[in-house]
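Number of protein chains: 2
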Amino acid sequence: MPVNLKLPVAAELSAVAGLELGIAEAGIRKANRKDLLVMRVAAGSTVSGVFTQNRFCAAPVTVCRENLLAKTEIRALVINTGNANAGTGETGMANARATCAALAQQLGIAPDQVLPFSTGVIMEQLPIERLLAGLPKAVAALRGDAWLDAAQAIMTTDTQPKAVSRQVQIGGQAVTISGICKGAGMIRPNMATMLGFIATDARVSQHVLDALTKRAADASFNSITVDGDTSTNDSFIIMATGQSKAPAVTGLLTPEGKAFAAALNEVAIELAQAIVRDGEGATKFITVKVEGGRDAEECRKVGYAIGHSPLVKTAFFASDPNLGRILAAVGYAGIADLDQTKIDLYLDDVLVAKDGGRDPAYKEEDGQRVMKQSEITVRVVLNRGDAARTLWTCDFSHEYVSINADYRS
Amino acid sequence: MPVNLKLPVAAELSAVAGLELGIAEAGIRKANRKDLLVMRVAAGSTVSGVFTQNRFCAAPVTVCRENLLAKTEIRALVINTGNANAGTGETGMANARATCAALAQQLGIAPDQVLPFSTGVIMEQLPIERLLAGLPKAVAALRGDAWLDAAQAIMTTDTQPKAVSRQVQIGGQAVTISGICKGAGMIRPNMATMLGFIATDARVSQHVLDALTKRAADASFNSITVDGDTSTNDSFIIMATGQSKAPAVTGLLTPEGKAFAAALNEVAIELAQAIVRDGEGATKFITVKVEGGRDAEECRKVGYAIGHSPLVKTAFFASDPNLGRILAAVGYAGIADLDQTKIDLYLDDVLVAKDGGRDPAYKEEDGQRVMKQSEITVRVVLNRGDAARTLWTCDFSHEYVSINADYRS
Chain F
141 MPVNLKLPVA AELSAVAGLE LGIAEAGIRK ANRKDLLVMR VAAGSTVSGV FTQNRFCAAP
201 VTVCRENLLA KTEIRALVIN TGNANAGTGE TGMANARATC AALAQQLGIA PDQVLPFSTG
261 VIMEQLPIER LLAGLPKAVA ALRGDAWLDA AQAIMTTDTQ PKAVSRQVQI GGQAVTISGI
321 CKGAGMIRPN MATMLGFIAT DARVSQHVLD ALTKRAADAS FNSITVDGDT STNDSFIIMA
381 TGQSKAPAVT GLLTPEGKAF AAALNEVAIE LAQAIVRDGE GATKFITVKV EGGRDAEECR
441 KVGYAIGHSP LVKTAFFASD PNLGRILAAV GYAGIADLDQ TKIDLYLDDV LVAKDGGRDP
501 AYKEEDGQRV MKQSEITVRV VLNRGDAART LWTCDFSHEY VSINADYRS
Chain Z
141 MPVNLKLPVA AELSAVAGLE LGIAEAGIRK ANRKDLLVMR VAAGSTVSGV FTQNRFCAAP
201 VTVCRENLLA KTEIRALVIN TGNANAGTGE TGMANARATC AALAQQLGIA PDQVLPFSTG
261 VIMEQLPIER LLAGLPKAVA ALRGDAWLDA AQAIMTTDTQ PKAVSRQVQI GGQAVTISGI
321 CKGAGMIRPN MATMLGFIAT DARVSQHVLD ALTKRAADAS FNSITVDGDT STNDSFIIMA
381 TGQSKAPAVT GLLTPEGKAF AAALNEVAIE LAQAIVRDGE GATKFITVKV EGGRDAEECR
441 KVGYAIGHSP LVKTAFFASD PNLGRILAAV GYAGIADLDQ TKIDLYLDDV LVAKDGGRDP
501 AYKEEDGQRV MKQSEITVRV VLNRGDAART LWTCDFSHEY VSINADYRS
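For the protein sequence lines, the chains are F and Z, in the order given. Here our numbering runs 140 ahead of the position in the first sequence, where the first position is 1. Here our numbering runs 140 ahead of the position in the second sequence, where the first position is 1.
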């Protein structure tokens, strides 16, 4: 059961002018389920992406990188679920390229104008014939208002589709931002994310879109963890069709740039949080705020040490305020000169530890009260600087073990 | 249920001349259980130790470091279970010092000749009156052949005591090495270990003992992980009483030094493996061999990425050869210039992946056969150098979640 994750409603998801989505049932892994998505982007759009830092990246990630570097105009994306096409060697690369070539032919574009994405089981070859056979069906289904279907078509162990739309006024004109993502396990994005796709009708120059994509990823998908496992297939793409009437976004510090970046980050953060709320086996949504660090990087280290600790995560699952485990995680986060006698720990509004030791006024029942909530904020104050960082994670339950012991069956 | 972990037998554990052990029931956390251990070391012994790198270290660890730096002759150790005396601030430091002072008075030595150790729950104050009241009972019980009782007295979530003895001939004379350790969760020793104590009647000069201690820790306790959580209390101590008739060990490369180091490492590795075999919820004992690395450090990173991955560990629990998860962990281990097309993966004798992709001859049933075993070797060949490193870990089961959701109750 996801934690306070609203089921998206098709009517609340806005079409983005210049962007069409087509879904098919290709039978990649299981019959009778949406598992293939094609996105067509209008000519004149800008597209930017960031990808997993996992050195064992999937074949489609390698092809995406090549095609984005080729500086051709990206005109289409193709995403399959059910198979990650990772750990598949030369055959995997050939299959990813064949997918691009087939879709390009059907859309009348060049193969390097297509970005391919795969998600699912690792180290099994893509059933390429079934995928190619599904492409014409997905192309025939292309339409602008299929965001909810698209969100469903990229799910793996997700229990709910994840989709968000926002509108923002830029220069007095409405700009739409819509996005989808998937992911529930193998979630510890590193400079990228599980699959996330955002489209907007804003007009955004390529270098600004590249910068905004990195910033949005950093504030959202690069600030979550479910289980600490960085996927082989993480990809996050932003497409800007430029078909709104709003003035172009040509800089990060212009009024248009700031307004657009704020709305974009909101969409990205809501999508990233949706992944945590639907984290495998999650029963609690945990916000980890680390403050008073020398720089954001050391705050990030502390946040992830807490967010990855199986001991901290099982204590949240049990609603057990065994909060010394959080202090232990702070201590091994990798800050070599950390002074433990400066550290304060809060659970929501409750001061738990002061100057590195249990606060004399702290009462177990106060910690217990907060631990029983479905949403909890852990706040660690390092008291050694002004930097801060916020991350989001979930607890660790029996259900996580069950899901991952049964994933392929 | 521990994985192939032999229950130690008192008759098979050798007394070490110059070393006495005394156990008491002090009621630190629970009544009617051995929870206090005093070790008295004869005058003329050398003692060396390594401790947790967790910056949030426990009060007794700080006192141990101070007393070892003071260069006085260490004459006694005192260990309590049931409470870690970590995250306890100034009161915790005062309690650790009071423990040393009380034991010193009873033994007629100075307080800085005592090393204190604690293990158990974090961020609760030590029940110092009960601990001090138990000391005379432990001192009255001091005797040489209490190794099994001592191993029982330091257990927390351990399901079995862990103790090992070895004899080695040095210069034609018998030397005895006996050791105990504890630990089952919060196990990812970093330059040190959970509590581990080894005593020998060999005569070993201080600087050689210091070097041997670091090497033994590195080969044993620094090569295991259960859950990736580095404890606040990890400590590993070696005591050499010099009461055997064997010639002194005065160098690492002398015949005596090599023979002694080999036996010492054997004892340390068997103790460290016992912790993994008794890892919380463990059903499988996994050896991770990483070969062909540029240096031992990158092999270590890859080994720990595999050993910490919840996805890999749950696949082992399920006996599911979902081995792409191992490749994914290799990829995110942090080797920036890793070439995935060079990597080979073996499960025992089965070649699973060759040149980064599934080996065409690999059959699922061969992987399945190995995954069903209770002891499994994962071998990753990076093919970029000559360095290698071996680590040991266990799987991740429902029982781990149960144990850590209930630990304090």
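Where hints are given, some of them may not hold.
All copies of an identical chain are treated as equivalent in the list; a pair is satisfied when it fits inside any one copy or across any two copies.
Unchecked claim - Straight line, CA to CA, 30 Å or less: simulated DSS-like cross-link-like pairs of lysine-lysine: (1) K512 with K170; (2) K146 with K503; (3) K146 with K494; (4) K170 with K503; (5) K512 with K354; (6) K494 with K170.
Because the hints were derived from the structure by calculation, they are not lab data. Every value quoted in this text rests on a predicted model; they were computed, and no experiment measured them.
Tested hints:
1. K512 with K170: between (38 Å within a copy, 26 Å between copies)
2. K146 with K503: Result: close neither inside a copy nor across copies, 34 Å intra and 43 Å inter.
3. K146 with K494: Neither. Shortest intra-copy (37 Å) and inter-copy (44 Å) distances fail the 30 Å Cα cut-off.
4. K170 with K503: Between copies only: 21 Å across chains, 52 Å inside a chain, cut-off 30 Å.
5. K512 with K354: neither (36 Å within a copy, 44 Å between copies)
6. K494 with K170: Result: close only across copies, 28 Å inter versus 54 Å intra.
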